[in-house]
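Take a look at the letters that make up each chain.
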Amino acid sequence: MKIGILVNEGPFTHQASDSAYRFAEAAIVRGHEVSRVFFYNDGVFNANKLSEPQTDDRNLVQLWSELGKANGIDLVVCIAAALRRGIKEEVLKDGFRISGLGQLVEAGIENDRLVVFGD
Amino acid sequence: MEPWEEEGPEVVKRFMYVNRKAPYGTIYALECLEVVLIAAAFDQDVSVVFVDDGVCQLKKNQDTAAIGMKNFSNTYRALDDYDVEKIYVEKESLEERGLSAEDLIIPVEVVAAGNLREIMAQQDVVISS
Amino acid sequence: MSKMLHLINKSPFDRNNLDSCLRLAAAGSSVLLIEDGVYGAMSKASSAGAVSKRMEDLTFYVLGPDVSARGLDDTPLIDGINVVDYGGFVDLVAEHDVAQSWL
Chain A
7 MKIGILVNEG PFTHQASDSA YRFAEAAIVR GHEVSRVFFY NDGVFNANKL
57 SEPQTDDRNL VQLWSELGKA NGIDLVVCIA AALRRGIKEE VLKDGFRISG
107 LGQLVEAGIE NDRLVVFGD
Chain B
114 MEPWEEEGPE VVKRFMYVNR KAPYGTIYAL ECLEVVLIAA AFDQDVSVVF
164 VDDGVCQLKK NQDTAAIGMK NFSNTYRALD DYDVEKIYVE KESLEERGLS
214 AEDLIIPVEV VAAGNLREIM AQQDVVISS
Chain C
673 MSKMLHLINK SPFDRNNLDS CLRLAAAGSS VLLIEDGVYG AMSKASSAGA
723 VSKRMEDLTF YVLGPDVSAR GLDDTPLIDG INVVDYGGFV DLVAEHDVAQ
773 SWL
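Protein chains in written order, with my numbering: chain A, 7 to 125; chain B, 114 to 242; chain C, 673 to 775.
Don't take each hint at face value.
Said to hold, decoys possible - Mimicking DSSO-like on lysine-lysine, the simulated pairs with C-alpha atoms at most 27 Å apart in a straight line are:
#1 Lys-716/C / Lys-204/B
#2 Lys-204/B / Lys-682/C
#3 Lys-204/B / Lys-725/C
#4 Lys-8/A / Lys-204/B
#5 Lys-725/C / Lys-682/C
#6 Lys-8/A / Lys-725/C
#7 Lys-99/A / Lys-8/A
#8 Lys-94/A / Lys-183/B
#9 Lys-126/B / Lys-725/C
#10 Lys-675/C / Lys-725/C
#11 Lys-199/B / Lys-675/C
Stated by the list, open to error - DEER-style ranges, computed between Cβ atoms:
#12 Lys-94/A / Thr-177/B: 23 to 29 Å
#13 Arg-90/A / Pro-748/C: 42 to 48 Å
#14 Phe-155/B / Arg-90/A: 42 to 48 Å
#15 Lys-183/B / Gly-108/A: 29 to 35 Å
#16 Leu-89/A / Asp-751/C: 31 to 37 Å
Rather than coming from a laboratory, the hints here were simulated on the basis of the structure.
All of these numbers come straight from a predicted model, not from anything done at the bench.
Beta carbons: idealized from backbone N, C-alpha and C, even for Gly.
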């Protein structure tokens, strides 16, 4: 089954991105295809490579990047949400790309399921 | 059959955008509206639902001058121009807040919880923010 | 009619997500409590009655890892709530037609 994911919160204030990550990982283990994760609202902070969590903490920016590259997941950061929050190409972690909101709608159209994680 | 018809009709999915949060206190109302305006361009079956504090997004007479934030309430009027015509507001949520359809900035379909249950259960994709 | 999986991620003592879901979920759908939503699965909580009342026509699940993380493994859950892990979460999404997050 093809699954799309929407992440509406950043990597620290809310559990949303953690839950989405665990869900995506489990979906892949179950043999599903996670085709795209769309980052919206404060979710765009998940792509900020300048983020430096303490060394004993999980690093979701890194984890998403690795999971995306290892499994061919399209990690898309919403351009409108990103620009207003200062997330630009210069600070974008590898594996992520910036694109328009249409990519979210497309994820809804093209996937069998779209699962939303937020506040 | 014309060549462009060979693929058969595009599958149209039923997208529902659910708003449960009031405007200004958080950005969710504004950013959800931005998604809906984009979604309208995709030839899908779009509906927008306002429940709980989400109904407050449609309150008439919003004036944000003194809080310095953009008043985006007039943008809801544009939904009609974008052919987003299925706009549902839950009756119970309005009543709980002492509001009625006359307090809202656009004409909407006020539906009771029981009917909204049915409408929600007919969707293919539900997006909330 | 789509078979819906409703996702609740907030405590019923903080927000009305669970209440609204219980009011608007169609019969035959399922509800999965995740994150702070798991507090709604505790049998001794005052919110338990509302959940039990809809046990007849909804199926309830709770995400085990979120229960354990919050120290609730020693706390009784409402009878009839099924505990799943993330793999079970994925299976639920696959088994239902639509996932609706009550944010």
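Hint by hint, here is what the structure shows:
Distance restraint check for Lys-716/C and Lys-204/B: the Cα-Cα separation of roughly 32 Å exceeds the 27 Å cut-off, and the hinted pair is therefore not satisfied. The hinted pair formed by Lys-204/B and Lys-682/C meets the criterion: a straight-line CA distance of about 24 Å does not exceed 27 Å. The hinted pair formed by Lys-204/B and Lys-725/C meets the criterion: a straight-line CA distance of about 23 Å does not exceed 27 Å. With a CA separation close to 36 Å, the supplied pair Lys-8/A and Lys-204/B exceeds the 27 Å bound.
For the hint linking Lys-725/C to Lys-682/C, the alpha-carbon distance of about 19 Å falls within 27 Å, and the restraint holds. Under the criterion of a C-alpha separation no larger than 27 Å, the hint pairing Lys-8/A with Lys-725/C is inconsistent with the structure, at around 35 Å. Taking the CA atoms of Lys-99/A and Lys-8/A, the gap is about 25 Å. The hint holds against a cut of 27 Å. At most 27 Å may separate the alpha-carbon atoms for a hinted pair to count; Lys-94/A and Lys-183/B meet this at roughly 23 Å.
For the given pair, Lys-126/B sits about 33 Å from Lys-725/C by alpha-carbon distance, which is inconsistent with the 27 Å threshold. For the hint linking Lys-675/C to Lys-725/C, the alpha-carbon distance of about 20 Å falls within 27 Å, and the restraint holds. A distance of roughly 21 Å separates the Cα atoms of Lys-199/B and Lys-675/C; the hinted pair therefore holds under the 27 Å criterion. A C-beta distance of roughly 28 Å is found between Lys-94/A and Thr-177/B, which places it inside the suggested range of 23 to 29 Å.
Distance hint check for Arg-90/A and Pro-748/C: the Cβ-Cβ separation is about 46 Å, which falls inside the suggested range of 42 to 48 Å. In this structure the supplied range 42 to 48 Å is violated for Phe-155/B paired with Arg-90/A, their Cβ-Cβ distance being about 23 Å. Checked against the hint of 29 to 35 Å, the C-beta distance between Lys-183/B and Gly-108/A comes to roughly 23 Å, which is inconsistent with it. The hint said 31 to 37 Å for the Cβ distance between Leu-89/A and Asp-751/C, and at roughly 50 Å that hint is violated.
Of the numbered hints listed earlier, those contradicted by the structure are 1, 4, 6, 9, 14, 15 and 16.
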